[in-house]
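Colleague: Chain residues, written in single-letter form:
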Amino acid sequence: MKVYSPETIEETTKILGKLKGNVHLLAGGTDLVVKVKEGTVLPENLINIRKLPLDYIKEEGNQLRIGALTSIETIHRSKPIRTYAPILSDAAGKMGSPQIRNLATIGGNIANASPAADTVPPLFVLNAQIVLKDQKGSRVIPIEKFFSGPGENVMRRDEILMEITFRKCAQSDEWFFSKLGQRKALAISKVSLAFRGKVNQNRLTDVSIALGAVAPTVIYAQRTARFLESKTFDSALIDEASRIIQEEASPISDIRSTSEYRRRMVGALLKQGLWELKAGVSPD
Amino acid sequence: MLIEVTINGILKSFETSPGEILLDLLRREGYKSVKRGCETGECGACSIILDGKLAKSCLLFAPQVSGHEIVTLEGMESFSKLHPIQRAFLDEGAVQCGFCTPGMILAAKTLLEGNPHPMEEEIKEAISGNLCRCTGYIKIIRAIKKAGEILKGNV
Ligand SMILES: Cc1cc2nc3c(=O)[nH]c(=O)nc-3n(C[C@H](O)[C@H](O)[C@H](O)COP(=O)(O)OP(=O)(O)OC[C@H]3O[C@@H](n4cnc5c(N)ncnc54)[C@H](O)[C@@H]3O)c2cc1C
Ligand code: FES
Ligand code: FES
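Line order of the protein sequences matches chains A and B.
Numbering-wise (the working numbering), the first sequence opens with residue 1 and increments by one.
Numbering-wise (the working numbering), the second sequence opens with residue 285 and increments by one.
Because the hints were derived from the structure by calculation, they are not lab data.
Treat the hints with care, as some may be off.
Stated by the list, open to error - If you only want the chain A side, here are some residues facing chain B, beta carbon under 10 Å, derived:
(1) 1
(2) 2
(3) 9
(4) 33
(5) 71
(6) 73
(7) 100
(8) 145
(9) 148
(10) 149
Unchecked claim - Straight-line C-alpha distance at most 25 Å; calculated PhoX-like pairs for lysine-lysine:
(11) B/337 - A/58
(12) A/51 - A/20
(13) A/37 - B/316
(14) B/316 - B/296
(15) A/94 - B/408
(16) A/2 - A/35
(17) A/58 - A/37
(18) A/51 - B/429
(19) B/429 - A/94
(20) B/408 - A/79
Using N, Cα and C, we set each Cβ at its ideal position, and we do this for glycine too.
Whole structure, please, built from the sequences with the hints as guidance.
Modeller: Quick look at the structure:
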């Protein structure tokens with residue numbers, strides 16, 4: 001195994017363009033090191049990218065830009081993210097443990113392409129864009145087009161994930177992120193759900209819902225979202241939506257859970273979140 | 285390959301290989317407080333403080349820490365004088381087999397340095413990446429509270 005430690009983006013994309021054989025980028029290593037130890041990944045070339053200047057959170061007008069190497073802990077604690085994308089800060093705080101959050105990066109969480117990655121459902125409902133770069137230039141991909149299967153994404157082998165951008169949320173946006181794991185800390189999601197929407201005169205509008213760990217990639221629950229916008233926000237609506245969302249999920253059974261349990265829990269997480277939302281919204 | 289790392293305030297250089305895990309290097313070099321537990325990032329026995337932040341040495345390749353600063357439990361005591369957190373762990377009986385203790389103490393140190401008056405929930409959060417197989421959590425939490433008070437000078 002050969003290790004490279006480039007200090008600039010140009011140097012990195014140049015090495016990526018030049019290297020033959022398999023190449024792996026190393027950010028926090030919390031996914032990759034475990035895979036190397038298990039022997040599921042055998043890197044010939046390892047590029048340690050932690051020194052690249054991609055550790056930042058920038059506000060630009062109504063946009064937020066997060067560098068790929070920003071740690072999960074930094075995202076969890078960031079004031080701009082707490083203010084303008086609280087759902088992302090909340091999800092980051094529910095990941096792993098302090099040690100994991102300090103090392104793990106948002107770029108790694110996305111690039112690793114696990115259907116259970118906890119920052120991804122929030123990024124779906126934030127309509128995030130992923131910026132990729134190679135030697136020749138950059139391209140921007142909407143997050144929902146970035147994943148092609150469990151552990152698979154559309155990045156070419158000579159590309160690096162540079163940053164994530166999205167529009168700031170409005171103060172009036174309602175949101176919740178629910179994650180069901182074996183326990184509170186150090187648990188990979190069995191099911192996760194990100195909800196964003198607005199409540200206007202007892203109607204839900206602008207609803208977006210994303211589900212983690214119930215399909216080969218994170219998915220939008222479009223049908224449920226449209227249904228929630230169609231009628232008065234009451235208990236009948238909540239019951240029916242939590243039924244529809246179970247049809248939208250296509251979970252598998254694995255070591256963490258059975259498909260039947262996952263499906264029911266998607267419904268339960270939605271129901272619980274919507275009831276809490278309803279209770280918290282003052283009638284107008 | 286040669287790497288340079290500051291460990292417990294002393295600049296050291298080590299011969300290592302690209303794929304060597306930091307945990308293995310540290311133990312090989314005599315930092316035996318860094319325990320080998322699960323080796324997959326789950327238990328926290330191998331915790332160290334890397335550039336001021338709690339990290340797990342089983343999830344790092346040794347070359348990743350080149351040029352960085354590490355603190356292990358060995359860096360907390362000074363000959364006959366225990367660190368107040370160590371003292372509190374002893375006084376409160378927060379040590380059973382002791383395997384999780386180095387990681388717990390480092391987790392407590394990073395917590396108390398930023399927040400000398402932690403609430404119980406904050407203590408639980410701070411040690412949430414550290415498993416105690418003897419399940420002595422109540423005494424560990426009590427010890428961390430007490431250590432906070434000693435460090436504030438209230439005891
Ligand atoms: C004990 C434990 C608990 C965990 N708990 C959770 C959890 O609760 N929720 C969760 O979502 N995840 C969890 N994880 C998984 C992991 O910590 C996260 O996915 C993390 O965000 C990965 O980031 P990293 O920087 O460590 O990635 P790395 O391991 O460095 O990289 C992961 C993959 O992404 C690629 N990559 C990284 N950065 C880039 C980039 N900038 N451009 C292109 N490719 C890149 C790498 O080549 C590699 O293939 C846990 C892991 C462990 C070990
Ligand atoms: S040995 Fe590193 S976390 Fe268990
Ligand atoms: S005291 Fe035995 S593992 Fe904690």
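Colleague: Would you mind marking each hint as holding or not holding in the structure?
Modeller: Hint-by-hint comparison with the structure:
Because the beta carbon of residue 1 of chain A sits about 5 Å from the nearest beta carbon in chain B, less than 10 Å, this interface hint is met. Hint status for residue 2 of chain A relative to chain B: holds, with the closest Cβ pair at about 7 Å, below 10 Å. For the restraint placing residue 9 of chain A at the interface with chain B, the shortest Cβ-Cβ distance is roughly 19 Å, beyond the 10 Å limit, so the hint is violated. Interface restraint check for residue 33 of chain A: the shortest CB-CB distance to chain B comes to about 5 Å, inside 10 Å, so the restraint holds.
With 10 Å as the threshold, the beta carbon of residue 71 of chain A comes within range of chain B, its nearest partner Cβ sitting at about 9 Å, so the hint holds. Because the beta carbon of residue 73 of chain A sits about 8 Å from the nearest beta carbon in chain B, less than 10 Å, this interface hint is met. Given hint, residue 100 of chain A at the interface with chain B, holds; its Cβ is 6 Å from that chain's nearest Cβ, closer than 10 Å. With a cut of 10 Å, the hint placing residue 145 of chain A at the interface with chain B is violated, because the nearest CB-to-CB distance is about 30 Å.
Residue-level restraint check for residue 148 of chain A is violated (minimum Cβ-Cβ distance to chain B is 26 Å; threshold 10 Å). For the restraint placing residue 149 of chain A at the interface with chain B, the shortest Cβ-Cβ distance is roughly 24 Å, beyond the 10 Å limit, so the hint is violated. Annotation: proposed proximity of residue 337 of chain B to residue 58 of chain A holds, straight-line Cα distance about 23 Å (limit 25 Å). For the hint pairing residue 51 of chain A with residue 20 of chain A, the CA-to-CA distance comes to about 23 Å; that is within 25 Å, so the pair holds.
Our distance criterion of 25 Å between C-alpha atoms is met by residue 37 of chain A and residue 316 of chain B, whose separation comes to about 21 Å. With a C-alpha separation of about 16 Å, the suggested pair residue 316 of chain B and residue 296 of chain B falls inside the 25 Å cut-off, and the hint holds. Restraint check for residue 94 of chain A and residue 408 of chain B: satisfied, since their Cα atoms lie roughly 14 Å apart, inside the 25 Å limit. Between residue 2 of chain A and residue 35 of chain A, the direct Cα distance comes to roughly 17 Å. Compliance with the 25 Å bound is thereby established for this hinted pair.
With a C-alpha separation of about 35 Å, the suggested pairing of residue 58 of chain A with residue 37 of chain A is violated against the 25 Å cut-off. Proposed proximity of residue 51 of chain A and residue 429 of chain B is contradicted: the alpha carbons are some 37 Å apart, above 25 Å. A distance of roughly 24 Å separates the Cα atoms of residue 429 of chain B and residue 94 of chain A; the hinted pair therefore holds under the 25 Å criterion. Restraint check for residue 408 of chain B and residue 79 of chain A: the C-alpha separation of about 23 Å stays at or below 25 Å, so the hint holds.
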